[in-house]
Amino acid sequence: MSEFYEGMAEVLEVEVEQITPEFELKNVDWNSLAIVSTIALADECFGVILNGRALDLCKTIADIENLIAAKKA
Amino acid sequence: MTASSIGKEVKVTGASIAGIVSCVPSLQIENDYFFDKFGEAVVNDAVKMIGVQKRRWVNETTSTRDLCLHAAKRLLTDLEWLPDTVDALIFVSQTPDYRLPASACVLQSELGLPNGCIAFDINLGCSGYPHALWLGMTMIQSGAAKRVLLAVGDTISKITNPDDRATALLFGDAGTVTALEASENDVSHFVMGSDGNGYNNLIIPKGAFKNYAVESDARMNDKNPSFLFMDGAEIFNFTLQSVPPLITKTTEFSEKNTDDYDAFLFHQANLFMIKHLIKKAKLPTEKVPININEFGNTSSASIPLLMTTTLRDQLKNNSLQLALFGFGVGYSWASASIKVGNLKVIETIEL
Numbered sequence: 003m004s005e006f007y008e009g010m011a012e013v014l015e016v017e018v019e020q021i022t023p024e025f026e027l028k029n030v031d032w033n034s035l036a037i038v039s040t041i042a043l044a045d046e047c048f049g050v051i052l053n054g055r056a057l058d059l060c061k062t063i064a065d066i067e068n069l070i071a072a073k074k075a
Numbered sequence: 014m015t016a017s018s019i020g021k022e023v024k025v026t027g028a029s030i031a032g033i034v035s036c037v038p039s040l041q042i043e044n045d046y047f048f049d050k051f052g053e054a055v056v057n058d059a060v061k062m063i064g065v066q067k068r069r070w071v072n073e074t075t076s077t078r079d080l081c082l083h084a085a086k087r088l089l090t091d092l093e094w095l096p097d098t099v100d101a102l103i104f105v106s107q108t109p110d111y112r113l114p115a116s117a118c119v120l121q122s123e124l125g126l127p128n129g130c131i132a133f134d135i136n137l138g139c140s141g142y143p144h145a146l147w148l149g150m151t152m153i154q155s156g157a158a159k160r161v162l163l164a165v166g167d168t169i170s171k172i173t174n175p176d177d178r179a180t181a182l183l184f185g186d187a188g189t190v191t192a193l194e195a196s197e198n199d200v201s202h203f204v205m206g207s208d209g210n211g212y213n214n215l216i217i218p219k220g221a222f223k224n225y226a227v228e229s230d231a232r233m234n235d236k237n238p239s240f241l242f243m244d245g246a247e248i249f250n251f252t253l254q255s256v257p258p259l260i261t262k263t264t265e266f267s268e269k270n271t272d273d274y275d276a277f278l279f280h281q282a283n284l285f286m287i288k289h290l291i292k293k294a295k296l297p298t299e300k301v302p303i304n305i306n307e308f309g310n311t312s313s314a315s316i317p318l319l320m321t322t323t324l325r326d327q328l329k330n331n332s333l334q335l336a337l338f339g340f341g342v343g344y345s346w347a348s349a350s351i352k353v354g355n356l357k358v359i360e361t362i363e364l
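Line by line, the protein sequences are chains R and X. The first sequence begins at 3 in the working numbering and counts up one residue at a time. The second sequence begins at 14 in the working numbering and counts up one residue at a time.
Treat the hints as calculated values from the structure; they're not laboratory data. Note that CB positions come from ideal geometry on N, CA and C, so glycine has one too. Errors might be hidden in some of the hints.
Here chain X is said to cover these stretches of chain R; the calculated rule only asks that three of the stretch's residues, wherever they fall, bring their Cβ under 8 Å from a Cβ of chain X [what the hints assert, rightly or not]:
| # | stretch |
| --- | --- |
| 1 | 25-38 |
| 2 | 41-53 |
Calculated pairs, DMTMM-like style, for lysine to aspartate or glutamate (alpha carbon to alpha carbon, straight line, at most 25 Å) [to be verified]:
| # | chain 1 | residue 1 | chain 2 | residue 2 |
| --- | --- | --- | --- | --- |
| 3 | X | 61 | R | 24 |
| 4 | X | 352 | X | 123 |
| 5 | X | 329 | X | 194 |
| 6 | X | 236 | R | 31 |
| 7 | X | 67 | X | 268 |
| 8 | X | 300 | R | 5 |
| 9 | R | 28 | R | 12 |
| 10 | X | 50 | X | 235 |
| 11 | X | 86 | X | 97 |
| 12 | X | 292 | R | 12 |
| 13 | X | 21 | X | 199 |
| 14 | X | 24 | X | 230 |
| 15 | X | 288 | R | 31 |
| 16 | X | 50 | R | 67 |
| 17 | X | 292 | R | 5 |
| 18 | X | 295 | R | 8 |
| 19 | X | 292 | X | 58 |
| 20 | R | 28 | R | 67 |
| 21 | X | 61 | R | 15 |
| 22 | X | 159 | X | 208 |
| 23 | R | 61 | R | 46 |
| 24 | X | 61 | R | 46 |
| 25 | X | 292 | R | 46 |
| 26 | R | 61 | X | 197 |
| 27 | R | 28 | X | 91 |
| 28 | X | 86 | R | 46 |
| 29 | X | 67 | X | 299 |
| 30 | X | 159 | X | 247 |
| 31 | X | 293 | R | 19 |
| 32 | R | 28 | X | 299 |
| 33 | X | 269 | X | 299 |
| 34 | X | 292 | R | 67 |
| 35 | X | 329 | X | 91 |
| 36 | X | 288 | R | 26 |
| 37 | X | 288 | R | 15 |
| 38 | R | 61 | R | 19 |
| 39 | X | 50 | R | 46 |
| 40 | R | 73 | R | 8 |
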């Protein structure tokens with residue numbers, strides 16, 4: 003997961019140490035630009051294409067990881 | 014989407030591009046224009062992603078047809094084509110002068126093209142240029158025409174909401190005209206497809222003859238339905254799913270490798286998207302020209318505008334094997350694998 007966490011830290015403009023499954027997206031600007039960047043990141047790291055509307059509803063990093071896991075399955 | 018379901022494959026023979034002229038408005042809008050409205054930090058964040066440093070916008074009285082008229086006059090003059098030798102004119106745009114009649118008919122008269130000229134409009138955006146090439150070349154292959162003009166462009170600045178950050182910064186205006194002529198040995202390959210499931214992700218909900226049910230679409234709650242609505246994440250998603258297989262299918266169908274191409278021209282949708290596509294399709298960056306920084310996303314005009322700006326000198330002096338990829342509103346997508354070059358006329362002009 004580390005490449006993905008590093009990427010998420012960059013997208014959300016926080017330190018990589020802060021990115022944990024419990025990290026709450028309400029603490030950052032979880033806007034359309036961040037969502038598009040996250041779609042690209044998940045495609046790069048895992049070869050899955052996440053849905054923008056589903057990402058919009060995510061509250062934590064764990065929620066995003068669950069979307070990725072569901073796509074990979 | 015897989016490469017096998019990505020679209021219809023068509024080979025067209027006996028036609029080639031004789032010249033291209035793009036016409037852009039002289040008014041240049043830089044990013045600081047938006048600082049007051051959206052705030053400097055917000056604008057800079059958006060620009061980091063979309064990559065647009067400046068764009069051209071028409072004034073109130075200038076239309077897409079005006080830009081194309083100007084380009085067509087220059088093209089005919091410099092090619093030394095008499096107007097009455099043009100057999101067909103196709104206008105590809107989502108910003109025509111009137112809901113009716115077709116702008117192609119108005120252009121036919123203004124350019125002095127003969128009454129025996131076939132003229133009609135096509136309602137396509139970002140995928141419009143490869144579609145227009147296919148149709149114009151097919152008209153030549155069928156014997157219906159020897160010389161065809163493709164007027165391709167949009168003035169999206171007229172339909173974006175100045176208060177909508179997602180679209181106001183992204184788009185620029187441009188009109189282009191491409192001249193096609195009969196030529197014996199040329200072979201072009203096209204791949205074209207559509208998926209109307211995505212129709213409501215890039216749409217003007219109101220203003221034509223049916224009103225889209227904005228009240229039952231939460232995304233549009235706070236948006237003015239008379240302006241362009243764009244769901245950027247959905248469009249990005251569509252692009253990632255459709256364009257890589259389109260690239261694969263195009264090179265396969267033309268029986269070529271990546272090395273056989275001199276350049277890959279992508280619709281200038283947004284910089285982040287183009288960069289991601291280059292990486293995903295493992296294309297050499299130096300073969301993918303980009304001008305979205307200069308002109309923004311100019312809809313169907315973006316591919317011919319790339320040809321008359323970034324590739325101008327090469328297309329004037331050499332013959333290049335090009336792959337063109339248009340994708341977006343509809344959803345609709347199309348590609349062309351085509352040889353273009355030694356063009357007598359290839360210019361970008363201003364109005």
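Any hints from earlier that this structure breaks? Give me their numbers in increasing order, please.
3, 4, 7, 8, 14, 16, 22, 26, 27, 28, 30, 31, 32, 36 and 39
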